[in-house]
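Trainee: Listed below, chain by chain, are the residues.
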Amino acid sequence: MSPELLQLIAWSTLDTLTMVALAGVFGTLFGLPLGIFLATSRANELFPAPTANRLLGLVVNATRSTPFIILVVAIVPLTRLIAGTSIGTRAAVVPLTIAAIPFIARVIEGAIREVDQGLVEAARAFGASPLQIVQKVLLPEALPAVTLALTLATVSLIGYSAMVGAVGGGGLGDLGIRYGYQRFMPEVMATVVIVLIVLVQGVQSLGDLISRRLDKRNRNS
Amino acid sequence: MPSIDPQGGAIISFDGVSKIFPSRSESAEVVAVDNIDLEVPEGAIVGVIGRSGAGKSTLIRLINGLEQPTTGHVHVDGLDIGALDERALRQARRSIGMIFQHFNLLSSRTAFDNIALPLEIAGYVRKDIPGIVEPLLDMVGLSDKRDRYPAELSGGQKQRVGIARALATKPKVLLSDEATSALDPETTSQILTLLKQINAELNLTILFITHEMSVVKKLADRVAVMEGGRIVEQGTTYEIFANPRHETTKKFVGSVTGGNVPDWLRDKLKPDYQPGRSAVLRIAFTGADADQPVLSRLTRGYGVDFNILHGQVETVAGHPFGTLIVSVAADPDLLGKLIGELTQSRNTVEHLGYVA
Chain A
1 MSPELLQLIA
11 WSTLDTLTMV
21 ALAGVFGTLF
31 GLPLGIFLAT
41 SRANELFPAP
51 TANRLLGLVV
61 NATRSTPFII
71 LVVAIVPLTR
81 LIAGTSIGTR
91 AAVVPLTIAA
101 IPFIARVIEG
111 AIREVDQGLV
121 EAARAFGASP
131 LQIVQKVLLP
141 EALPAVTLAL
151 TLATVSLIGY
161 SAMVGAVGGG
171 GLGDLGIRYG
181 YQRFMPEVMA
191 TVVIVLIVLV
201 QGVQSLGDLI
211 SRRLDKRNRN
221 S
Chain B
1001 MPSIDPQGGA
1011 IISFDGVSKI
1021 FPSRSESAEV
1031 VAVDNIDLEV
1041 PEGAIVGVIG
1051 RSGAGKSTLI
1061 RLINGLEQPT
1071 TGHVHVDGLD
1081 IGALDERALR
1091 QARRSIGMIF
1101 QHFNLLSSRT
1111 AFDNIALPLE
1121 IAGYVRKDIP
1131 GIVEPLLDMV
1141 GLSDKRDRYP
1151 AELSGGQKQR
1161 VGIARALATK
1171 PKVLLSDEAT
1181 SALDPETTSQ
1191 ILTLLKQINA
1201 ELNLTILFIT
1211 HEMSVVKKLA
1221 DRVAVMEGGR
1231 IVEQGTTYEI
1241 FANPRHETTK
1251 KFVGSVTGGN
1261 VPDWLRDKLK
1271 PDYQPGRSAV
1281 LRIAFTGADA
1291 DQPVLSRLTR
1301 GYGVDFNILH
1311 GQVETVAGHP
1321 FGTLIVSVAA
1331 DPDLLGKLIG
1341 ELTQSRNTVE
1351 HLGYVA
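Chains as they are written, first to last, in our numbering: chain A, 1 to 221; chain B, 1001 to 1356.
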């Protein structure tokens, strides 16, 4: 492989990492509060708002059922509004974030709902406010599961990022399509796939490691 | 008998309290607690015993406002719990500690940090916390487990952390929700001893719910028996053991005093007298007579032989207390006299039937 191609692969990897990192951060920024709200706002829960819970649930489901490639195209006006442009790597962060928010919200909701309700009852019995229960009980207890959830979200984002080439998003997926497929350079395609595998493995292993460190439930095993 | 001055003011009182859970869909509503009156004197240890579904969990949750009464009033230390707004209720809960059957410790916090949790919630300054938590760890005998996570502790140690946590904000009342039901008998005994010690040292009022009469026997000064949301009987622990009136109470008492008729005997019991059959009596020896040779006196006086079939003598609330199931070869006439004699000396006697 020529040095130019290698450099291209390096740049594309960096593009992918940038997109995934930004979308992950923004997605968590909005997805985490949304997930907490979804997990605590049904009737008789900490912040009861069943109507809002149901409405947000519908929006989340709708976003998640839209195929990502269609979402990318459908929200072009929004992308232009936020990123100032609708093409390029920077623009691609917008649809990636929009797709990541409901995904992250749902997995975090699941992680929080796993927390033993007895702990919530105990905290209430000690005079904790709903906000304190979230801060001091639900989030710390759900942290190992939240870490795994965010790992899952990051891996999904790496997959999604391969599709943003459709709007000139760059990254490894785009490189694979343009060079590996359209110019028929199988060695580029193979390299792209290998780099993606390494990335996903790395993210997953790191997530597992952090989650295990945080989990105090099975200290002896 | 522990001196409980009824005039000494109740720290917890229920006045005509009912809790009705509304029906889901069209099924019937559930009356979990039905018009209950109950007073817990300050410094006392009061047990509420009942089978599962009797309403005792709801009862205990009405005290710290985890449930709100449908009708009636629950007062704790002068405060009408049902009338408080959220903020005042949270404040009130800080003077009501609670321990749980499954401990409910945070798995992400060490023993020390679990005990510190109520203090953090109450807004204590961080540097003041060790000065409160360390003595508590010492009191429950876990100073060496300070930095252990719950997963590294045994059930009994977890409950000790739970007790220390419940005491962190210096409550006046401790609520115990089946605190020993998940523990083995020996650990249960240790936890009960610890609770008694805390009650004595801190003059802390304890209200506990349980389904085990052995826990009531070891721990309670007073006991209330619940059935179908109502308190069917209440009194001092000794009164309840010596003279249970309600069927449910009799079963609970019998479960620990050997007063329940063993199966092999129940199968042989006949309701009517025939020559050659012996009468079977259940005698509860109470009060001053528990240590008197009542049976041998009757043997000499009437020339009859008692055959002891089943029984137990032990201590309840500091008094000797015995139950014997005996058979005696006596016709109805003589039997009447024997029962008369036995009852005269303040024992309770029950004629169960006859055996061949």
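Just so you know, these hints were derived from the structure itself, not from any lab. Be a bit skeptical, because a hint or two may be false.
Claimed, not checked - Derived Cβ-Cβ restraints for the label pairs, each shown as a range:
id: 1; chain 1: A; residue 1: V25; chain 2: B; residue 2: G1123; range: 27 to 35 angstroms
id: 2; chain 1: A; residue 1: L152; chain 2: B; residue 2: H1211; range: 37 to 45 angstroms
id: 3; chain 1: A; residue 1: V25; chain 2: B; residue 2: R1051; range: 23 to 31 angstroms
As the list claims (entries may be wrong) - Selected chain A positions facing chain B (Cβ under 7 angstroms, derived; list incomplete):
id: 4; residue: R113
id: 5; residue: L119
id: 6; residue: A125
id: 7; residue: F126
id: 8; residue: G127
id: 9; residue: A128
id: 10; residue: P130
id: 11; residue: P140
id: 12; residue: E141
id: 13; residue: R213
We put the CB at the ideal spot given by N, CA and C, even for glycine.
Trainee: For every hint, state whether the structure bears it out.
Mentor: Status of each hint after checking the structure:
1. Between V25(A) and G1123(B), the C-beta spacing of about 32 angstroms keeps the proposed range 27 to 35 angstroms intact.
2. Between L152(A) and H1211(B), the C-beta spacing of about 43 angstroms keeps the proposed range 37 to 45 angstroms intact.
3. Between V25(A) and R1051(B), the C-beta spacing of about 54 angstroms breaks the proposed range 23 to 31 angstroms.
4. With a least beta-carbon distance of about 16 angstroms to chain B, the hint placing R113(A) at the interface is violated under the 7 angstroms criterion.
5. Hint status for L119(A) relative to chain B: holds, with the closest Cβ pair at about 5 angstroms, below 7 angstroms.
6. A cut of 7 angstroms between beta carbons decides the hint on A125(A): the least distance to chain B is about 4 angstroms, and the hint holds.
7. Residue-level restraint check for F126(A) holds (minimum Cβ-Cβ distance to chain B is 4 angstroms; threshold 7 angstroms).
8. Evaluation of the G127(A) hint against chain B yields a held restraint, the C-beta minimum of about 4 angstroms falling below 7 angstroms.
9. Taking 7 angstroms as the C-beta contact cut-off toward chain B, the hint placing A128(A) at the interface holds, the least distance being around 5 angstroms.
10. Checking P130(A) against chain B: minimum C-beta separation of about 9 angstroms lies over 7 angstroms; hint violated.
11. Annotation: P140(A) was flagged as interfacial toward chain B, and the flag holds, the nearest CB pair being 5 angstroms apart, inside 7 angstroms.
12. Here the hint on E141(A) is kept, as its CB sits about 5 angstroms from the closest CB of chain B, short of 7 angstroms.
13. With its C-beta approaching chain B no nearer than about 12 angstroms, R213(A) sits outside the 7 angstroms limit, and its interface hint is violated.
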